[in-house]
Every structure is written in structure tokens, then in C-alpha cells.
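Build the full structure now, drawing on both the sequences and the hints.
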Amino acid sequence: MVIKLHHLKPNEGATKGKKRVARGDRGRGGKTAGRGTKGTGARGNVPAGFEGGQVPLQRRQPKLGGFNNPNRVEYAVINVAKLDAEFDDGDVVTTDVLVDRGLVKAKRPVKVLAHGDLTKALTVKVDKMSAAAVTKITDAGGSVD
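First residue of the sequence shown? That's 11 in the numbering used here, and the numbers climb one at a time after it.
If you're looking for bench data, these hints aren't it; they were derived computationally from the structure.
All C-beta atoms, glycine included, are put in the ideal place defined by N, C-alpha and C.
Treat the hints loosely; a few may be bogus.
Pairs of lysine-lysine, PhoX-like flavour, derived with a Cα cap of 20 angstroms [claimed, not checked]: (1) Lys138 x Lys117; (2) Lys121 x Lys135; (3) Lys92 x Lys121; (4) Lys135 x Lys115; (5) Lys41 x Lys29; (6) Lys115 x Lys92; (7) Lys138 x Lys115; (8) Lys117 x Lys135; (9) Lys92 x Lys138; (10) Lys28 x Lys41; (11) Lys92 x Lys41; (12) Lys92 x Lys135; (13) Lys138 x Lys121.
Label pairs and their computed distance ranges (CB to CB) [said to hold, decoys possible]: (14) Gly34 x Gly54: 18 to 28 angstroms; (15) Asp149 x Val87: 54 to 64 angstroms; (16) Asn21 x Ala52: 29 to 39 angstroms; (17) Val12 x Val87: 45 to 55 angstroms; (18) Asp110 x Ala141: 21 to 31 angstroms.
If you want it as C-alpha cells, here you go:
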């Protein structure tokens, strides 16, 4: 038998019936039915988000978001460890080569960062490099343009 959604039901004793309030003035839930006496709350039309006169959460939040710099430059980053794994000794690494090999996305300037180790002498010609990446490339016998 295939179990379908309409076959499912909670275990015995897992659910309780709805509390029937306002059934006489004796016992729990009678007379004012847990709503207190008089006022908006007793009459059943409290607006959504009303916090009893406190400034509501919606109005406490800042009206405007932050600042998005329209001139921000998003770089496609690559680490020297990836260059070490993907290229051979003496290779020339350019933005076009990186895009062709699928290492960075096109349409973005490329920045080389210094995470990892570099053991091969590479000639790197990209848009930007961190200072630590430059030292790693030159220490490995490579050159930077």
C-alpha cells in the first residue's frame, strides 16, 4: 500500500481538542473568556502588529537601508595555491588564460591573493595583486607585470 498525505494522522493522544471558551460563568473560560474586561482586546478588533501603545516593531526599524557604492569594483579572485596546481613551471598567467581554463569568471578584473604556497616560477599579468602574493611569486622565481 502506498502511503499518501491523506492517510497520515497524528498518534493517539498527540493532539488536544480546541478549548471551548465562553460557556457559562462557572469554571475556567467562562464570562469574559480570557479576554479581560472591556476595551479593544475584549471586543476582538486589535490591529495586527499592535503592541499596546509601544512604538511597533515596523516603526522601530530604520527607514532606509545602507549605502551601495555604485563605483565598487568586484574582482574575480584567485589564490597562488590554485595557480601552483593549474600551471607548469615557466607559464605565463594572464586574465584571458584564466578565463579560458574556467578558473575565474569573465567580465571582471582579476586579483591574485596569497593563500597557499607557490613552488613554480610563473609570469603573472593580471589586473591586481596583493602585496603578499607579489612576494610569494617573486620568491618562487617568477615575475609580476
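Outcome of the hint check:
Proposed proximity of Lys138 and Lys117 is supported: the alpha carbons are some 15 angstroms apart, at most 20 angstroms. Distance restraint check for Lys121 and Lys135: the Cα-Cα separation of roughly 10 angstroms lies within the 20 angstroms cut-off, and the hinted pair is therefore satisfied. Between the alpha carbons of Lys92 and Lys121 the distance comes to roughly 13 angstroms, so the proposed pair stays at or under 20 angstroms and holds. Only pairs whose Cα atoms come within 20 angstroms are accepted, and Lys135 paired with Lys115 is accepted, the gap being roughly 16 angstroms.
Taking the CA atoms of Lys41 and Lys29, the gap is near 14 angstroms; set against the 20 angstroms cutoff, the hint holds. Of the supplied pair hints, the one linking Lys115 and Lys92 holds, its CA atoms being roughly 15 angstroms apart against a limit of 20 angstroms. For the hint pairing Lys138 with Lys115, the CA-to-CA distance comes to about 15 angstroms; that is within 20 angstroms, so the pair holds. Simply put, Lys117 and Lys135 have alpha-carbon atoms about 16 angstroms apart, close enough for the 20 angstroms limit, and the pair holds.
At roughly 16 angstroms between alpha-carbon atoms, Lys92 and Lys138 fall within 20 angstroms of each other, so this suggested pair holds. This hinted pair checks out: Lys28 and Lys41 have alpha carbons roughly 18 angstroms apart, not beyond 20 angstroms. Simply put, Lys92 and Lys41 have alpha-carbon atoms about 74 angstroms apart, too far for the 20 angstroms limit, and the pair is violated. This hinted pair checks out: Lys92 and Lys135 have alpha carbons roughly 15 angstroms apart, not beyond 20 angstroms.
A hinted pair counts as satisfied when its Cα atoms are at most 20 angstroms apart, and Lys138 with Lys121 qualifies at roughly 5 angstroms. A C-beta distance of roughly 20 angstroms is found between Gly34 and Gly54, which places it inside the suggested range of 18 to 28 angstroms. For Asp149 and Val87, the hinted distance range of 54 to 64 angstroms is not satisfied, since their beta carbons lie about 20 angstroms from each other. Here the CB-CB span from Asn21 to Ala52 is close to 37 angstroms, well matched to the stated 29 to 39 angstroms.
Distance hint check for Val12 and Val87: the Cβ-Cβ separation is about 50 angstroms, which falls inside the suggested range of 45 to 55 angstroms. Evaluation of the 21 to 31 angstroms hint for Asp110 and Ala141 yields a pass: the beta carbon distance comes to about 27 angstroms.
Figure legend: structure checked against the earlier numbered hints; hints not met, in rising order: 11, 15.
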